[in-house]
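Colleague: Based on the provided sequences and hints, a complete structural model is requested.
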Amino acid sequence: MPAKKNRDKKAAAATAPANEPDPSAPSEATETQPAEEPRPPVQVLYCAVCTFPPEYCEFGSSFTRCKAWLQENHSDLFDKFYSEEALQNKLGTLSVEAQSRLEKDTAKKEAKAVAKADAALKKKMSSTVTIKRIERNKRKHVTSIHGLEAFDIDLKKAAKQFASKFATGASVTKNPQGQDEIVIQGDVCDEVLEMIEEGAGMLKGIPSDNVEIKEDKKKKTTDD
Amino acid sequence: MFKKFQPSTDIAGQTPVKSSVQRSIRASVLSQWKIEPETLEAIWPKKEGLVHVKCREHLSIYTVKGEPILFQHFDGPFYPTLRLLHKYPYILPMVKVDRGAIRFLLAGAHMMCPGLTSKGGYLPPKEEALPAGAPVGIFAEGKEHAVGVGITKLGTEEMKELNRDVGVETATYLGDDLWVVQSL
Ligand SMILES: [Zn+2]
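The listed protein sequences derive, respectively, from chains A and B.
Anchor point for the first sequence: position 159 equals 159 in the UniProt record's numbering, and the numbering is continuous, going up by one each time.
Anchor point for the second sequence: position 35 equals 35 in the UniProt record's numbering, and the numbering is continuous, going up by one each time.
Treat the hints with caution; some may be incorrect.
[Claimed, not checked] 25 Å max Cα-Cα, derived BS3-like pairs, lysine-lysine:
(1) A/LYS104 / B/LYS3
(2) A/LYS80 / B/LYS87
(3) B/LYS65 / B/LYS34
(4) B/LYS65 / A/LYS112
[Unchecked claim] Now the stretches of chain A that chain B is said to cover, found in silico as 3 or more residues with beta-carbon under 8 Å:
(5) 56-64
(6) 170-177
(7) 203-216
Treat the hints as calculated values from the structure; they're not laboratory data.
Quick caveat, the model's predicted, so the values are computed rather than measured.
Every residue, glycine too, gets a C-beta built ideally from N, C-alpha and C.
Modeller: Shown next, in the form of structure tokens:
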């Protein structure tokens, strides 16, 4: 009896214009579990700017940019949400005062987000990358690079890039201050500086003025 | 729960879930959500292992192929992630907050009864009343998609009667730190 029921469901599903798998070729899953078809998920469009469904953009901190994006990419939805009529309906049970409060709030939030982004950019532009040559013993040096993360560079991947470029060992380690830095075996200070100036591979967006080279000799200077 | 959540510092570890435990989670989810086994199978195929992402404060996130699909606090009920609820909006009972409450919810607030009982809000009718402790999808006045996932702190009839204090505790909401995480 249940088998019959399933067949009926199957037949119904086959006629439906859904993107179901071919029912004549049952997959493994249907063999072990002779069952109905799963319900397809709802496809939800998300805003490319704030990641919310566009109907919620008005509550985000980038409303102006969200609106511009929607107008450009989904003009039908833009009209649906922001036409004169839609704005009237949207008020719903909210009083006019509450609505204007909400709008003020959104504007404030937006201004705040812009200020925050500005500050972050400023901070980025004022942070420095330090390349340090560290003496291990007479002949041997390692090169440490500190501060790349401020420029949104993935340290692990950058270390890999250095390692393959110089055919040497490079790793991400914590310095005594607990900050992550890249340590490369050998003295490659100048080469690293060059790479940053060129913006090679992942090392993009670092102003060369923000890079400094330091030398770290052994504290115990043996006068030989 | 995810107002301040940082994957880099708040995750203690990830472990694949034993198949016996997976079976019991599957059974719990099927009993707690209104979901067909076939649909759950499509979201989380039996062949595909569930991974337990252990977080601070007894919070557990479960992922399939790196994508968070459900989470749990202590041994409480299982919540779908908001992204999953967007895809399958019918799996949890619906409550709705009025437009005025949306911005508070998006700031991480729990939902007070008046925001649910007012004209723009919605609570299930008496015949479908929910007890306290039920996971719910939180929808919003004038909006199509859910804005959060939460749990009732009072029965829905009590909310209507009392009409004050927190009615629904917010577990995850649009734009919180779980929303931001698309894969773990
Ligand atoms: Zn947006």
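Colleague: Work down the list of hints and note, for each, if the structure agrees.
Modeller: The hints, checked one at a time:
1. A/LYS104 / B/LYS3: Status holds; Cα separation ~24 Å.
2. A/LYS80 / B/LYS87: Cα-Cα ~22 Å, so holds.
3. B/LYS65 / B/LYS34: holds (23 Å)
4. B/LYS65 / A/LYS112: The given pair, whose Cα atoms are some 36 Å apart, is violated under the 25 Å limit.
5. 56-64: Check passed, 3 qualifying residues.
6. 170-177: Our answer is that it is violated, as 0 residues pass the Cβ test (under 8 Å) against chain B, missing three.
7. 203-216: violated (count 0)
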